[in-house]
Amino acid sequence: MSLPTAFEDASFATAPEVLLVDDDEVNLMLTALALRERGFLIVEASSGEKALELLRNHAPDIVVLDALMPGLDGFDTCRALRLMPGLDTVPVLMLTGLDDDASITRAYRAGATDFFVKAAQWSLLAGRLQYLLRASRTLIELERSKSKLARAQDLARMGSFDWRRSERGGVGCLVLSPEALRVLNLGLQDRADLRTLLRMVPPDDRRVLLRQLQAVGQHSSVLTVDIPMVLLDGRQRMLHLEAEPEFNEKGQGAGYTGILQDVTDRRAAEDKILELANFDALTGLPNRRQLIWRAERALEQARRLSHQFAVLLIDLDRFKVINDTLGHAAGDEVLVEVGRRLRGCVRHSDQVMEGTLEVTGARSHRALEAIGRLGGDEFLALLPEVADDEDAERVAFRVLEALRQPIFVSGQECFVTASVGLALYPRDGHSVVDLLRNSDVAMYSVKAQGKNASAIYSPQLAGQGREKLEMETALHKAIERNELVLHYQPKVDVRAARMVGAEALMRWQRGGRLVPPGEFIPLAEDTGLIVPLSEWALREAAKQARVWQDAFGFDDSIAVNLPSRLFERSDLVEHIHQCVTAVNVPHRMIQLEITEDNLMQELQNVIPSLHRLNEIGVEISIDDFGTGYSSLAYLTTLPISELKIDRSFVRDLGVTPQSSAVVTAIIALARSLGLRVIAEGVETLRQMDVLHRLGCGVMQGFLFSRAVPSEDLQRWLEQTVLPRKAPWIGVALDGPQGSGGPLVMGRKLRR
Amino acid sequence: MNPESECPQLDRATVARLHELDPDGRHGVVRRVLTAFEASLQRMLVQLTAEQHSGRAEVVSSLAHTLKSSSASVGALALAKACAAVEQRLRHATAADLDAQVLLLIRECQFGLRAVRAMLQA
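Respectively, the protein sequence lines represent chains A and B.
Sequential numbering from 1 applies to the first sequence in my numbering.
Sequential numbering from 1 applies to the second sequence in my numbering.
For the record, the hints were derived by calculation from the structure and aren't laboratory data.
All of these numbers come straight from a predicted model, not from anything done at the bench.
Incorrect hints may appear among the rest.
Calculated pairs, DMTMM-like style, for lysine to aspartate or glutamate (alpha carbon to alpha carbon, straight line, at most 25 Å) [claimed, not checked]:
#1 B:K81 - A:D73
#2 A:K50 - B:E58
#3 B:K81 - A:D101
If you only want the chain A side, here are some residues facing chain B, beta carbon under 8 Å, derived [stated by the list, open to error]:
#4 V26
#5 K118
#6 A120
Idealized CB from N, CA, C, for every residue including glycine.
With the rest of the complex left out, here is chain A (with noise of 0.2 Å):
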């Protein structure tokens, strides 16, 4: 016969091991005889102390224990057995007499996990053996998975617990896991009733939350909620609960029963990622996506409460030349002062952002006031209600006073301004990418006007936008067409009353009309067209010093004004050679002037070409002298040939001394420093006497000639410097006439 073996389940890979202790030698061989037939795996032990030596070395899966054995007797060799590791769960069954209740009860509490009565009748016990076998499996099971799901709650800062409303009111009970301590940061020994954890919730906060608990108790709804708290070592944690309640055979709300999870990683990870959706990772600000969303709620709030709100573009002016001279690190130092000193200027909230904007109270609108940065050099500050056009004009001229302070930056001082446009809703747009193209509109208009200002949109300034394309376009066919034409002033030698130069200015003519180069030189640096136009003028100038030389024996220079970023060209050397060795003149016939903005600005570029310039006798002048912020220092170094004194010194002499003493202090330089020096500007007779007497006897200005076309010019030395016509010839020379004789204008001159 075949003996079911009761094992052959899945959950037996190998047979189980079963360590049999008797101290009767037949007992010991039937148990085993018949348990090994039923498939069982058997070690046999005659006494207490000989299992307990088998079970040092190995632990089997279950331990059968007479009770009463001579020695060591079952109760003791179980109590000794569960102290040894890894045994305290072993299941032990303990055999006992059938009358011997008192041994089923010492049986217990020795630790023994069931009790079976001595019998001949092997299934029986093999059957209790299966089930002891099983029940410790799932319980090792559970175990098991108890401590997997301990250890993921830890891993997910989470624990669980469980909350008994009490019968008699009051804040009932609540029972918290290990983890949920540990999230807590409490021990098994702290108390953690709902009062002492109430206690952990700032108090605005636990307002809101008793409030809600009440709310969620009342209806014995589904808790979901984040909880702000301060545990008792003082660390500030978002913790989240989430529970369910639990009913009583009445149905009545018993409790509720959840878990707890420390968020605060996760919650400072959202609010990191909401941040550097709506936020310039720069300045801090609110970005482009930021501030259009608070635009367009501001417009909504506008149209609905009947208000204006205005847009102020603010852009920075020449940034680039930050960036490109100091380095864009430097550029960024200068974003975020800016920025930190526009925020001052607007009664600036950080705290908006998407779908957070509380429409309650009728000045809700005005938390989305703000400074934010569009990108690049470009600001924006969004004003929800303004009353009238002043009202935004003020912040404008706000943001122009913040910027005045020079902001130290790379141990430099650095001078910033801006240009602002300013757009109101309704009047200059019904939505908010008309009003920000509207401020652009006005915002380029003041960059057109000078920069360093601010100015309202009005649809004229659109019209000019449309111009200055148009002109823009022209401009391009302007070298082609022939519109471009060069003008000549003369530097006149008051004392000597003669021509010693002419400075060459560019004239556009577009359609009959003679366009200044105020109008169309900016532009031309704007879109980069100044490289050909001065090439062009570079060329120019070389044939018209070959015609003059021809004419009447021209023998100085033609000075052509360059901006520093053809000087920045490595071909500015190759381009003057071929433009005088194609005319056949000598290098010296032209002159460069640069103005001393320009040169400051891109001085370590621009200095190796000013070295080899002067190597190939094309001199230097810097113009508009005493304006800009020379290093005097550099000075004493350059190449240069010529300093010449900016007309607003010219214009106030002898009206303001201030002026006398500025030319007074540039003549005295360019003498030191061997320079030739020269006035520009010059209208009265007046300032060409005190500049004389100053020192200062190189003069142009309208009062000798203005610029005039080349043959205007030739007519003009012709007709009234070689007749000595001119009324100032021989006003302010009260000193000793040049030996050479007044009128010398050139040997081969014609008449």
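Using the hints provided, position chain B relative to the given structure of chain A.
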């Protein structure tokens, strides 16, 4: 029953269950068990004889307990019953009649021994 005249026998049903443990007798289970029981009985007899007049009730009780289940297992039911009675008696009562109990056990052991030997010879 007169133990002198009749040879005591082991309980048939119990012996049959022993046979079930080794149905085809391949492992000689029944013989091995009976041999072990015989040896155990012989030891017990020596120990019980030594306990005559010793007055150590708990030792006698322990011997009776051990004998109780093994004798029941092989079918020496009279002996098992005697062991149980002695164990029971010694658990509660004083050992006033301890010697009588020991004698009783010795007698039952001798019967059991004869029965086992008879079975082994058969």
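* Minimum Cβ distance from V26 (chain A) to chain B below 8 Å? -> holds, 4 Å
* Given the hint that K81 (chain B) pairs with D73 (chain A), does the C-alpha gap stay at or below 25 Å? -> holds, 23 Å
* To do: Hold the hint about K118 (chain A) up to the distance rule: shortest CB distance to chain B must be less than 8 Å.
  => With a closest approach of 5 Å, the K118 (chain A) hint holds.
* Closer than 8 Å between Cβ atoms is the bar; does A120 (chain A) clear it against chain B? Give me holds or violated. => For A120 (chain A), the interface hint holds, since the closest Cβ of chain B sits about 5 Å away, which is under 8 Å.
* For the pair supplied as a hint, K50 (chain A) and E58 (chain B), is the alpha-carbon distance within the 25 Å limit? -> Distance ~23 Å between K50 (chain A) and E58 (chain B) Cα, so the pair holds.
* Asked: Is it true that the CA of K81 (chain B) sits at most 25 Å from the CA of D101 (chain A)?
  -> holds, 19 Å
The structure is consistent with each of the numbered hints, conforming to all of them.
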